[in-house]
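Using the hints provided, position chain D relative to the given structure of chain P.
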Amino acid sequence: MYLVRVFVRHKKGILDPQGKTIKDALHAMKYKGVGEVKIGKLIDIKIEAKSIEDARSMVNEMCKKLLANPVIEQYTFEIEEI
Amino acid sequence: MKAGVIVFPGSNCDWDCYHTAKTSLRAKTEFVWHEDESLNSFDVVIVPGGFSYGDYLRSGAIARFSPVMNALVDYVNKDKGLVIGICNGFQILTEAGLLPGALQKNKHLKFLCKNVRLRVENTKTPFTNKCQSGQVLEIPIAHFDGNYTADKETIEKLNKNKQVIFRYCSKTGSVSSSSNPNGSIENIAGICNEARNVLGMMPHPERVADPVLGGEDGEYIFSSMAGYLKK
Numbered sequence: 727m728y729l730v731r732v733f734v735r736h737k738k739g740i741l742d743p744q745g746k747t748i749k750d751a752l753h754a755m756k757y758k759g760v761g762e763v764k765i766g767k768l769i770d771i772k773i774e775a776k777s778i779e780d781a782r783s784m785v786n787e788m789c790k791k792l793l794a795n796p797v798i799e800q801y802t803f804e805i806e807e808i
Numbered sequence: 242m243k244a245g246v247i248v249f250p251g252s253n254c255d256w257d258c259y260h261t262a263k264t265s266l267r268a269k270t271e272f273v274w275h276e277d278e279s280l281n282s283f284d285v286v287i288v289p290g291g292f293s294y295g296d297y298l299r300s301g302a303i304a305r306f307s308p309v310m311n312a313l314v315d316y317v318n319k320d321k322g323l324v325i326g327i328c329n330g331f332q333i334l335t336e337a338g339l340l341p342g343a344l345q346k347n348k349h350l351k352f353l354c355k356n357v358r359l360r361v362e363n364t365k366t367p368f369t370n371k372c373q374s375g376q377v378l379e380i381p382i383a384h385f386d387g388n389y390t391a392d393k394e395t396i397e398k399l400n401k402n403k404q405v406i407f408r409y410c411s412k413t414g415s416v417s418s419s420s421n422p423n424g425s426i427e428n429i430a431g432i433c434n435e436a437r438n439v440l441g442m443m444p445h446p447e448r449v450a451d452p453v454l455g456g457e458d459g460e461y462i463f464s465s466m467a468g469y470l471k472k
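Protein chains in written order, with the working numbering: chain P, 727 to 808; chain D, 242 to 472.
No wet-lab data here; the hints were simulated from the structure. Check before you lean on any hint, since a few could be wrong.
Said to hold, decoys possible - If we take Cβ atoms under 7 angstroms as the criterion, some of the chain D residues that face chain P in the derived model are: (1) Arg299; (2) Ala343; (3) Gln345; (4) Lys346; (5) Lys348; (6) Leu350; (7) Thr390.
The C-beta atom is built at its ideal place from N, Cα and C for all residues, glycine as well.
Chain P on its own, in the form it takes in the complex:
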């Protein structure tokens, strides 16, 4: 069994209205030095697979098909055996 932790983020150059609002709030709270804020998604998936390579290729496919929209998002993931 593997635990996969998928991170989905906005692609570079794509406006992130939620990130900007958080940044504005942090500025309003007087946190100095706060630069760009980006919000993303964290998706944990438990997967049964023969090997870590199999799990990795499965997750890549899942990300491309469903978990991230390649028009506006990019993804990375971490994987560990549990």
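Only chain D this time, still in chain P's reference frame:
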């Protein structure tokens, strides 16, 4: 003429679209459950608004994998008729790759529910042939994720092929950032595909296609479609 209105779990404009298909398209209209696998008997397919699958993950992302979507891709590729996706329907069509780009959260992070004005950018389509060039339509929006986004190349291609059908504009038809409710690139409110048989738009023409609803500007779109299909 026969129209099908696709119903996903969470669709909520399906009855409005059903009513409009009957009264404005004057089509024999049926609901199509998202698990159905054929759309071939229809001249028009409407993908209605709502919150399919609760908008979980991304608006339209889960609906796009419903069995009926394979049928819809086949329907479009074989040019069996016209497809109009409204609001969540537009989001589903982009997720399915039937229209380019994506719809993300409104720039000011508010759910917007109000009447907006749209300038008709191309009247040589099955969806706008009853409109005048540059005509301003007043149609309501009701969305959180209506901020149209695409990369530069896609926008250039849309402009070059005249696939941008509607832009948010002022009462007088001027397109500027002050008439842009949600941050959409170049005020884009609706686009069609290259083959011109699929239209996606965030505003809801079915909500203003009957005088009893307080407006008739949506009627231009449905009567254009009806006129095109009768030819």
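Verification of the supplied hints:
1. Arg299: Cβ of Arg299/D sits 6 angstroms from chain P, so the hint holds.
2. Ala343: Since the shortest Cβ distance to chain P is 4 angstroms, the answer is holds.
3. Gln345: Status holds, d = 6 angstroms.
4. Lys346: holds (5 angstroms)
5. Lys348: holds (5 angstroms)
6. Leu350: Result: holds, 5 angstroms to nearest chain P Cβ.
7. Thr390: holds (6 angstroms)
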